[in-house]
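Novice: If you're matching them up, the sequences are chains G and D in order.
Okay, so the first sequence: first residue is -18 according to the numbering used here, each after it adds one.
Okay, so the second sequence: first residue is 6 according to the numbering used here, each after it adds one.
It is worth saying that the hints were derived from the structure and are not from the lab.
Please note that the accuracy of each hint is not assured.
[What the hints assert, rightly or not] So the derived list for chain D, only partly shown, Cβ under 7 Å to chain G, looks like this:
1) W79
2) A147
3) F151
4) S179
[Claimed, not checked] Covered by chain D, per the in silico footprint, the following chain G stretches (three or more residues, Cβ under 8 Å):
5) 147 to 156
6) 160 to 173
Each residue gets a CB set at the ideal place from its N, CA and C atoms; glycine is no exception.
Below, each chain spelled out in residue letters.
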Amino acid sequence: MFGGAKTGRVAHMKATSLLVSLLELTPMMLSACSRPAASPESDGLSASPTIAVTDEMGSPHAGDVAPDFDLVDQTGAHVKLSSLRGSVVVLAFVTSYCPFSKAAQPSLVEVAHDYAPKGVKVVAVDVKESDEAYREYVGRMPMGFPVLRDGDGAVSTSYTPAKAQPGVVDRTQVVVTSKLVIDKQGKIRFFTLLDTQHFDAKLVHLRRALDRVVEET
Amino acid sequence: MKGLLGLALVLLGCSSTLPVWEQPGLGGAVRPEMGGPQPSSLAPDFELPADAGGTFKLSSLRGSWVVMHFTASWCPYCDSEIAHLGEMADGYAARGVKVVLVDEKEPEAHWRAYAAGHVAKSVVGVRDEDGSAALRYAPPRAQPSFADRSQVALDATLIVDPEGIIRLFLLPDSAHFDPTFVAVRGELDRMLAADVVHVALSSSPGKALVATLDVAPGYHVMSHTPSEPEYVPTRVEADAGDVAFGEPTYPRGPTYERSARVVVPYVAPKAGTRLVAVTVSYQACTASRCLFPTKRRIEANLTFNAGDMP
Chain G
-18 MFGGAKTGRV AHMKATSLLV SLLELTPMML SACSRPAASP ESDGLSASPT
32 IAVTDEMGSP HAGDVAPDFD LVDQTGAHVK LSSLRGSVVV LAFVTSYCPF
82 SKAAQPSLVE VAHDYAPKGV KVVAVDVKES DEAYREYVGR MPMGFPVLRD
132 GDGAVSTSYT PAKAQPGVVD RTQVVVTSKL VIDKQGKIRF FTLLDTQHFD
182 AKLVHLRRAL DRVVEET
Chain D
6 MKGLLGLALV LLGCSSTLPV WEQPGLGGAV RPEMGGPQPS SLAPDFELPA
56 DAGGTFKLSS LRGSWVVMHF TASWCPYCDS EIAHLGEMAD GYAARGVKVV
106 LVDEKEPEAH WRAYAAGHVA KSVVGVRDED GSAALRYAPP RAQPSFADRS
156 QVALDATLIV DPEGIIRLFL LPDSAHFDPT FVAVRGELDR MLAADVVHVA
206 LSSSPGKALV ATLDVAPGYH VMSHTPSEPE YVPTRVEADA GDVAFGEPTY
256 PRGPTYERSA RVVVPYVAPK AGTRLVAVTV SYQACTASRC LFPTKRRIEA
306 NLTFNAGDMP
C-alpha cells in the first residue's frame, strides 16, 4: 500500500546530501538572516553599499600597486598609467553594451570635470569591444578624458582578482563598471565591482573616496 | 554534524519569516515600491518569434509551471548562467516545467549564432528584437538611472505558475550572483512540492484530529519511519491554544503513496470550534529524484470534543 517493496530502489535525497546542500547555502543564509555588513575598504569608506574588492578575492586589491599598462585612446595617443604618478587617478572600466556602464557614463564625465581643478586624472578602459562598439561609447558624449581600448581584454584581466565574482565565466568581464582610485604613489585605494542591487549611477561612493585621497596631500 | 544541521535548520526557519528579498539568494526580488509587475499578478503576455520557428505565446503554457529568463549574448552574467538554465530545463522536464529564454534586442542572426552553441534544446528560446516584451517586465521604479527601460528586465528570472500568475520575480543581484540558480530551484521545488502533496485537516468522530496527505501520482513521500535514518521523515505537529495534543499515529511502511492519514489524539478542556494550525514536514520524490524537503503550515477551524484521550 505504501510502497514498502520499492524502498531499496528509490533514490531518496539522503540527509547527508541534504546537509551538503544546506552547507552550500549557509553563507547566503547568514547574509540573509542578519543584515549583511558593508564590505570593508582599506580607507574606512565602509558606509559604501557597493561591492568592494577585498584582500580575500586576490590581487589586485586596495593597497597594491596598480598594474601598469600602455594603451591607445580615442585620439590615437598612448597613455601609460605609470606616467601619471604624482596625480590621483580614477580608473573606470566601461563597455558600450552594459546598461549600468551607460547609465554611469554622464556621471563619470562630471567627476572628471569637477575634480580636474584638484589635479585628478580620469582614465577609462573600454573592455574587449569591437571597433564599432568602442566608437559608440566614445561617440555618445564629449568625454573630456582618455577612453583607452583594451581590445583583447589583457589589461582588464590584469585587474581581475581571481576570486572576484567566481560565477562569471568570461573573466575579462568581471571588472566591467569597476571604479578605482589610485593615489599619487600609484597605489590602489578604492576598488569596487558592479552592485546591481545598490547601483550607484551618480558615483557618490567614488566621489567620497576621491575626496579623502585628494585631501591627503 | 548534528550541530551544523541544527544551524542550517535554524537558518531555514529564519528565512521563512523574512520578506522574500531578504531570503538566501533572493536579494534581487522586486520590491512592492518598484511598481508592477509583482508576484501574485498575472504575467504580462507576449507573442514573439521562436527560435524553433513560428511564434510563441507565453499564455500557451497555461497549465505548466514556467521558469522565464531574460538574456542577451553580450551580457556576461547571462552568459555565465545559460548552460545552467539548460540543465534546469532538462532536470525539470519530467515534472512538466518549461524554461523560456527571452533574448533582448539583438539582431536575429547574431542571436542565432550564439544560441546554436549555448542554448540547450530543452529551452524554449524566443526573440524580443525591439524589447517590447522585456519592457512589460520592467517595474517603473527599478533601476531609475536606466534610460532604456527594457534593459531593467535583462538577466531577470521569473517563476510563473500553471494559472499564469507570477510567483517569483528576481532582478539581477550581482552581490550574490548565483549562476546555477540554487535559490530559484529551491523556490521552484517548494512550489512544486506544495502542488504535489495536498494536505486536508478534519476531526475524527472520537477525540482526534486527522491530517490527510494526498500525494500526486508518480510521487511518494518518506514515511514517519523511513528505511534509512538519513532520510527526511514525514512529521505532523498541531497547535490549537488550550488543546493538548498527543503523539500522532502514522501509517506504517517506509514511504507513503497516493494517500496517508495521520491521526493526532487530543484533550480539549471544553467542546467547541477552534482554529487549529498544523505543520506538516515531508519530502516528495519521484522514482528518480527528490524535491527539496518542505515544511507547510495549514490552518482550519475544527470542532473539538471534550474529555480524555481515547
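Novice: If a hint holds in the structure, say so; if it does not, say that too.
Specialist: Outcome of the hint check:
no., hint, verdict
1, W79, "holds (5 Å)"
2, A147, "violated (10 Å)"
3, F151, "holds (6 Å)"
4, S179, "holds (4 Å)"
5, 147 to 156, "holds (count 6)"
6, 160 to 173, "violated (count 0)"
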